[in-house]
Amino acid sequence: MKNATSTTNRSTGRNVLGTSALRPDGVAKTQGNFAFSSDFQAENMLWGATLRSPHPHARVVSIDPTEAWKIAGVEAIIFADDVPGKATYGLIASDQPVFARDVVRYMGEPVAAVAADHPETCRRALAAIKVVYEQLPVLSDMDAAIDPSTPAIHPDGNVIRHQRIVSGDPNIVGDVVVEGTYEIGMQDQAFLGLEAALAYPDPGGAGVELVVATQWLHEDRKQIADCLGLSPEKVRLVLGGVGGAFGAREDISLQVHTCLLALRTGRPVKVQYSREESFFGHVHRHPGRIHLRHHADRSGKLVKVEGWMKLDGGAYASTSAAVLINGITHLQGPYACDNAVLDAWATRTNNPPCGAMRGFGVVQACFAHEGQMDRLAEALGMSPVDIRLVNAMKTGDKLFTGQVVDSVAPVARCIRETADIPLPPEPSRVTGSLELPGGSGRTSDPGHIRRGVGWGVSIKNLMYSEGFDDSAEAKCTLADGVATLKFATAEVGQGFVVLAQQIARTVLGVDTVILDTIDTQIGSAGSTSASRQTWMSGGAVDGACRLVRERLFEHVAHLHNLDPLQLVIEGTEIVDTLGPLRVAVADASTGLRIEQTFLHRHRATEELDENGQGNCHVAFAFVAHRAVVDVDTDLGLVKVVQIATAQDVGQVLNPMALLGQIEGGIAQGLGLAVMEEIVVDDGIVRNPSFTDYLLPTALDAPDVVAIPIEEYEPLAPLGAKGVGEPPCISVTPAIVAAIRNATGRAIMRTPVRPQDICLAD
Amino acid sequence: MSVHVPTSLTEAIDLLVANPTARLLSGGTDTMVEVNFNRSKPESVIALRRIAALREYTVDSDRIVIGAGVPYAMMEKGPLAAALPALAAAARTVGSPQIRAAGTLGGNLGTCSPAGDGLPVLAALDATINLRSPRGPRAVPFAEFMTGVKRNSRAVDEIIESVSISPTTGFQDYAKVGVRNAMVISVASVCFVHDTGSSSVRIALGAVGPTIIRAREAEQWLQSQVDASQQLPSHDKLVAEFAQRVAAAARPIDDHRSTAAYRRHAIEVLARRLYLRSTQ
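For the protein sequence lines, the chains are A and B, in the order given. Plus 12 on top of the position in the first sequence (first one is 1) and you've got this note's numbering. Plus 1 on top of the position in the second sequence (first one is 1) and you've got this note's numbering.
Possibly wrong hints are sitting among the right ones.
Computed list of lysine-lysine pairs in BS3-like fashion (alpha-carbon distance at most 25 Å, straight line) [said to hold, decoys possible]:
hint	chain 1	residue 1	chain 2	residue 2
1	A	142	B	42
2	B	42	A	82
3	A	82	A	98
4	A	313	A	406
5	A	246	A	98
6	A	313	A	410
Partner residues aside, some chain A positions facing chain B, computed with beta carbon under 10 Å [unchecked claim]:
hint	residue
7	286
8	287
9	442
10	444
Treat the hints as calculated values from the structure; they're not laboratory data. For every residue, glycine included, the Cβ atom is placed at its ideal position computed from N, Cα and C.
Using the sequences and the hints given, assemble the complete structure.
As C-alpha cells, then:
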C-alpha cells in the first residue's frame, strides 16, 4: 500500500487558505486503502511481542526463558540485560526502564520481548517464560506518595514535581468565599489505530530504520538511539499512517523493543499491540484531586484564588512535570485576578503511568475552576453567564505567574456569542425514544426527564512552555509549477497535510503540491501536540514557501528588469503591481528548481521561579461551551442534547478541519464527563477493553452548534491559533454543570456515574 | 485448529460426538472476544451458521419457535417483533447493527452470561430450550437451563436447536440500563410480562445475580393483590411495594461496571416503570 501524497483540485475554486480544502489522505482513509502503521509488512519479517508484569509492584526474583526457547519459530528473547545502550528512557526524566530488571512498578510494565515467526508463536513463547515475582506493597494513593515517610518506590522519589504560585497579596480576603474539592478520573486517549511499528535492521546491525505511528519522530529517534547505543543518524524513522494520537504517542512504547528485536535477529520485526495491550502500553490522562477556595467582592469580581492540585503521574515521570505546570498555571481560568496562593504536586505511585493527553493538565484545572465559578454565582445570586462576563480576561491582563496575556483574548465575546445560540427544542415526548437518556435501553419515559443547562469557559496555552527550545523545520522545492514540501511533522489525523498544501498554494500560486515522505531526513518539527503544529510547522512551511517565492520573484524581476518588491502572487499568477506584467507561476518556474528550508521558532519562554513567577507560556486560546442535558434523575442516566460553543481561533484556515476538531474535541470531553474512565483498583486496571472502557457512540454525541471567533492573532505566523485542544477542555465542566443544574446535586467528580446522580451521597 | 461447517443438524451432532471438546459457534460475538483476549484457544470449532433449519422461526397462535441461529436483527422487526415485543426491545439493545446481524439467541444461551440481553425475556416468558443430541430431543424450561454464571445444563453432546415460547396476551416490555446510550453491556435489565390470558405477571432480572432471576415472590404477591386478568391498577402504593419486592429479589455485586446498590436501585426503578407502562 502506498499513501497518497498529492491531490488534484476537485472543487471549482482553488484550495487555498480559508477554504475547506479536502485532505490528500481523505479518500484513501474512507475507502479503507490508507496504510496505517499496522498495515506494513516486510519480506522475511518476524513478529515481536512484549511480556508484561501482571502486578502493580513486585520484585522480579527470576526469569527463566528455557521453555520458551523450545518452541519452534522463536528467534529472540530479550531482557533488561540485552539493552546495549541506556537502560531507561523518558521525555523529561529518563526514569523508565526499557525492560524492568529487579522491580516492576506498574501493572503492564515490560519485562521481556520475543521475536518469532507468527503472532501466535509469540503468545505461546510469552506464556512459556517463567517469571517469579515477589509482590510488594502497592502505593496507589497520592497523599501517601506526598507523605515523606512513605518509602520511595523509585530512586527519583515519590514526588515527581512540586510547584507553588504566590501572587499579589496572599492575605487578602473577599466578601464572598466559596470552596470545593474536585476529582477527575483517569481518561484514555483511546485512539483507534493501535500502536504498531516495523523495524528494518541495517546489515551488520550498524543502524535501523523504524516505520512507526508516533507524534514526534525526532524525539523518538533520540530516545531510541540512546537505548540502542547508536548515534542518532544511525536510527532513521519514517512515519507510519497514524490513526489518532491525542498525546498517547508522545512517549516511547514499542519503539525500542521493536528495534532491539530487529537488530538481534537481523530480520525485519513488526510489533503491534492489541486494544488490551494498548491500555497498558501508553500513558493516560492524569487523574487528579483539586481543592480551590475562591474569594470575590460583592460585584462578583475575583479577589483571590487559593488551594492545591494533586495529579497522579503513576509509576514513571513521562511528561508529568510539564502537565503539572500547565495545570497549576491555568487554575485561575480565563478570568482576571491578581492574588493567588496555590500548590501543586505530581505524584509517583504504582498506578499506570500518566502523561500527555489533549488538554495537558488544563482539563483537570478547568473542571475545578469552572465548578468554583458556578459556586460563586450561586453565592452571589448571579447567573453563570454574568459571573464569567464580570471576570472575563482580556488582552493585557496579567496571569498569576506575572505573565501578561498579549494574545488576542476575546473571552467575553466567546461567552456572549455562545449565549446567543438558540437553545434546543424540548425533550422528546415519546416513551422509549432513542433520544431520551438511556437510549436504546428504553429506560426512560418523558415524565422522568429533567433538563439542565451548564457553562464552561477555558484558557489554554499554545506550544511548549518553560524555556523549551521548540522549533519546526520545513523545506519547499518549486520546479516546473509544482511545489514539493518536506517536513517531519507527524500527521496524526489533525490534517496538517492539507493545511501544508493550502499554505503552498496560497503563497506560491501553484495548484499541485506534493508532500514528501514524513521522516527524520529533515530537521525536527517538534511534537504534534500542545495545539502547536499549525503555528509551528505551519509557520515553517509558510516561511519556506515565502523564501522560494522571493527567489522566484528575483528571477522574474531580473528577466523583466523590474524590482522584485513590485511583484505579488495573484491566484496562480505573478503580477507586477506597478506595470502590465502578468505571468503564470507555472510558466515562470518552468525549468527552474528553487529549494529553500526554513526553521520556525516561537518567542522564548522562561521557567517559573519558586513562587511560580515567569513568562512560561507562549500564547493562549480561549473557548466557551454551553451544555444542555436531559437527565433521568431516578436512574442517573444522561443524554447530552446540545453543545453550543464559540471558540477563539484567530484566522480560520480550513473551516471543515476546524469543525472536525471542535466536534471531535467535544465528543472526547463528553466522554470524560459521563463515561470514559480507566478504573484502577490498588494499581490493578479493571477495564482494559472497549467492552468496559466506554467511548461515546453516535447516540451519545450531542448536536454541536459552533461559532468560530475570528480575530487575527498577530503573534501567529498565519494569524491562526491552534484549535486542537480547546474544544475538549471546558466542555466537560459545562456538561457536569448542566447535570448539577438538572439534579440540584453537588457532583464533585468526573466522569459522573449514574449512582452519583441518583443515590444518596 | 479444525473448523467444521456442517449444513444439517444431524451432521453437526455427528461432528460434536466425534469432537466432544469442540466449540459450537453461533454468531461468535462471545467466542471471538475470548479468542482475541487470548482467554480461550479452541482446538476445534463447529460453526452452525450454514444450518438453514437453525435460522428459521415460526409464529403460530399457540406457539412461537425461534431457531437457535436466528440473529437478533431478525427479532427487531417483522413477525417476531409483533408477537414478542419484549424480545424485540431486548434485541435492539444488543451491541451494534453488525453485532445484531451476527449474534444469535442460541449463542446467548450457549454462553449464558447473566448480562445476556435476550435471557431475561426468555425467563419471563417461561421459554423452553429445545436441545438435540444422538439420544434424541430434550426440552428444558429456561429456569432449569441456566444454572450459574456462564453455566447451563446443556450436555456435552447436545446442540441448542431452538427456543419455544407460548404467546401471551397483554403487555410485555424490556428495559436495560447501561452507562452509555447504545452498544453497552447491561448493568441491570428487567423484562416484565403481564399475561391477561393466564392471569399472571412475570418479571425477570438480568445482570443482578449469577443467573437471570425471576422475582417470583413479587409476582405472587402482586397476583394476590390484583386481578391479573384485567389491566393492572396504577395506584402508587401498590406499584411502589411491587417494585421494592422485585428489587429485593436481586442479588447484585459491586464490580468495575457498577455498584450493587445502584443495580438494586435500578431494578426497582425499572420494575416500577415497566409496570406503569403496562397500565397506559
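field: Hints violated by the structure (numbers, ascending)
entry: 3 and 9
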